[in-house]
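Trainee: What follows is each chain in one-letter form.
Number of protein chains: 2
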Amino acid sequence: MPTIEDVAKAAGVSASTVSYVLSGKRSISGPTRKRVEQAIADLGYRPHAGARALASSRTNVIGLMVPLRAGVDVSVVMQFVTGVVTRARGADHDVLLLTQDDTGGLERVAAGSMVDAIIVMDVEADDPRVPVLRGLRQPTVLIGLPHDPAGLSCVDLDFEAAGRLAAGHLADAGHREVALVGPPPAVLARHTSYADRVIRGWSATCSARGVAGVVEACETTPDGARRAVDAVLERAPGTTGFFVHNEQALPHVLGRLAERGLASAAGAPVVALCPTAVATAQAVPLTSIDIPGEVIGGVAVDMVLAGLDGERPAETRLLAPVLVERGGATTP
Amino acid sequence: MPTIEDVAKAAGVSASTVSYVLSGKRSISGPTRKRVEQAIADLGYRPHAGARALASSRTNVIGLMVPLRAGVDVSVVMQFVTGVVTRARGADHDVLLLTQDDTGGLERVAAGSMVDAIIVMDVEADDPRVPVLRGLRQPTVLIGLPHDPAGLSCVDLDFEAAGRLAAGHLADAGHREVALVGPPPAVLARHTSYADRVIRGWSATCSARGVAGVVEACETTPDGARRAVDAVLERAPGTTGFFVHNEQALPHVLGRLAERGLASAAGAPVVALCPTAVATAQAVPLTSIDIPGEVIGGVAVDMVLAGLDGERPAETRLLAPVLVERGGATTP
DNA sequence: ATGAAAGCGCTAACAT
DNA sequence: ATGTTAGCGCTTTCAT
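Heads up: the protein sequence lines correspond to chains S and X, in order. The letter at position 309 of the first sequence is residue 309 when you use UniProt numbering, and the numbering goes up by one with no holes. The letter at position 158 of the second sequence is residue 158 when you use UniProt numbering, and the numbering goes up by one with no holes.
It is possible that part of the hints are untrue.
As the list claims (entries may be wrong) - One side of the interface only, derived from the structure: several residues of chain X facing chain S at Cβ under 7 Å:
#1 Arg46
#2 His48
#3 Ala49
#4 Gly50
#5 Ala53
#6 Leu54
#7 Val76
#8 Asp94
#9 Leu97
#10 Gly112
#11 Ser113
#12 Thr221
#13 Pro222
#14 Thr280
#15 Ala283
#16 Pro285
As the list claims (entries may be wrong) - Just so you have them, the derived chain X footprint on chain S, three or more residues with Cβ under 8 Å:
#17 44-53
#18 109-115
If you are wondering where the hints come from, they were derived from the structure by calculation, not from laboratory data. C-beta atoms are modelled at their ideal positions from N, C-alpha and C, and glycine is treated no differently.
Starting from the given sequences, assemble the full structure and let the hints guide the process.
Mentor: What follows is the structure, given as structure tokens:
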């Protein structure tokens, strides 16, 4: 492997000049730049990442913690990951993947200077990683919103607003009894940030609008979806409108609603909270609120890289939910 | 951040002694080791990854290229990724994630000494990354089997044997006309390694056993599955046995088979090629051949790390497929 | 069993 | 506009 010294020699300049040509941190004359670039190309030179990190305290790597827990839809998770990787590459950064949900991993990559910045996904209300993140010297961004985000930057869809939006939409359509068919029990049990927030917004607006709004967890299996729908109709037989926040169960919930005579091939009295691609892939036209995973992942990178030069105050960014009507009978 | 020098000072030894305590590359007296370990703990010392990489030419990072292409089931992909990350951490390595399907990314991380080794997923028969990989100085393992693997190590399920196994199983059960409902057209069009191999094995055994075996691509949507089943029955109306190699379409294929009277709630004349978890999540009991993604990912790590010390000959490892019968009517 | 010292390849003052 | 030089923090000979 050629070193910067080899390039310098070949171009008839000093190593620092090569370094500056690469970084653009000082002006270089046209001819010199040409010769250096030529030498780099001729030798196929690539700076040694470790040497660079040692000298500059910059790795150009972002750590991404993606816990793969029970009940999460990996295809949705991967949308966030894709957004992170794509945006990171656009900013000349690579991504180190952490999947184990341990605080040790965070400390290892941070204290070991393996990464310049850290993005954490699948945040819980009372996440044990939060205090650890506060102690790191690298900038950090959470995708999600813990109970106490003090001192930490966060970005996410405004899931609470999404809950309100869905409840409001169903109420507007004239429903007096509605139900949230939510994530799997495991997701609820650990108080996953987004799940809690959806329920909060949903319940608040249901109360405010004077509609009865039950909440039912839902396993991702066909059978789980059937049980959830049946449980709702057992508890609140007058339920006419549904809000589904569960990508994997969604088709089966729709199927069961059809079986119970609450939906038809023409449409269902349902608002879904899921990636648009999931909504449009259903057998019936479906009104939905998008979860823009790629966008959020990209914003997370922007935020965390902004924190790289110059301390900046923690900031929470919640993207406004957008409801798109897609025909379907949403009136009772 | 404390350095190795700080630790040495605190323990009253030289930096090299600290280094040797950490690496275990030479014997250290009991008391010295104790003092050093104490100092490390007291100071919360972590070696600087870049400095270490510079001095030792080892990064303890594995590059993992996971192209997220159209038609692949991300949840299956993530099983492989999980296997890689888990096994890598077990061997004290981290994973750098590359999702863009460019050869440039490989060269960047390899030539820049960001990684010790590289694992590549979603290999095509005539993959443009293959020649690039041959030129890298890092050991490489492909998950999948390109047309010409000369000089490269590969690991995968033996998909060709899986194709043979499925065809043989259906033939044994008495089917005379059978059909492979395969991956989406996009996957087939780019000659994804596993897809081609399944078809090869399937067709070979169908011929050998004298059964008619058609092959039909299948979109992942409910409608796509319906069309695929209908197309099969149009081309070969006497078809009684099916081999489904498409996780996402699987439930819809089963549904359509039931609609067409070829399957019942008790079972279907189907062999599925998919992760066992996918097979058992279906509404009917389903005979299947497992795709052990986590295992394969783990083996890939073992192989690639084995290549780290001492050149070793390229090796191709194909895991034997295992068919598990789960009731269901597989007889015609 | 331990220490001293020479790099590893790069960046960023500090020169001129 | 360019060159010189002193590290960055670690590993690993070479000594003893």
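Trainee: Determine for every hint whether it applies to the structure shown.
Mentor: Hint-by-hint comparison with the structure:
1. With a least beta-carbon distance of about 4 Å to chain S, the hint placing X:Arg46 at the interface is held under the 7 Å criterion.
2. Because the smallest distance between the Cβ of X:His48 and any Cβ of chain S comes to about 5 Å, under 7 Å, the interface hint for this residue holds.
3. Residue-level restraint check for X:Ala49 holds (minimum Cβ-Cβ distance to chain S is 5 Å; threshold 7 Å).
4. Taken as an interface hint, X:Gly50 checks out: its beta carbon lies about 3 Å from the nearest beta carbon of chain S, inside 7 Å.
5. Taken as an interface hint, X:Ala53 checks out: its beta carbon lies about 3 Å from the nearest beta carbon of chain S, inside 7 Å.
6. For the restraint placing X:Leu54 at the interface with chain S, the shortest Cβ-Cβ distance is roughly 4 Å, inside the 7 Å limit, so the hint holds.
7. The restraint placing X:Val76 at the interface with chain S is violated, with a minimum CB-CB distance near 9 Å, outside the 7 Å limit.
8. Contact between X:Asp94 and chain S, as hinted, is supported at the beta carbon level, the nearest pair being about 6 Å apart and thus within 7 Å.
9. Interface restraint check for X:Leu97: the shortest CB-CB distance to chain S comes to about 4 Å, inside 7 Å, so the restraint holds.
10. The criterion of a C-beta within 7 Å of any C-beta in chain S is met by X:Gly112, whose closest approach is roughly 5 Å, and the hint holds.
11. Below 7 Å, beta-carbon pairs count as interface contacts, and X:Ser113 has one with chain S at about 5 Å; its hint therefore holds.
12. For X:Thr221, the shortest C-beta to C-beta distance to chain S is roughly 6 Å, which falls under 7 Å, so the interface hint holds.
13. Annotation: interface hint on X:Pro222 holds; nearest CB of chain S at approximately 5 Å, less than 7 Å.
14. Taken as an interface hint, X:Thr280 does not check out: its beta carbon lies about 10 Å from the nearest beta carbon of chain S, beyond 7 Å.
15. Interface hint status for X:Ala283: upheld, as the beta-carbon distance to the closest one in chain S is roughly 5 Å, under 7 Å.
16. Taking 7 Å as the C-beta contact cut-off toward chain S, the hint placing X:Pro285 at the interface is violated, the least distance being around 14 Å.
17. Here's how the region 44-53 of chain S fares: 9 of its residues keep a CB closer than 8 Å to some CB of chain X, so the rule of at least three is met and the hint holds.
18. Restraint check on the region 109-115 of chain S versus chain X: 5 residues with Cβ-Cβ distances below 8 Å, three needed, restraint holds.
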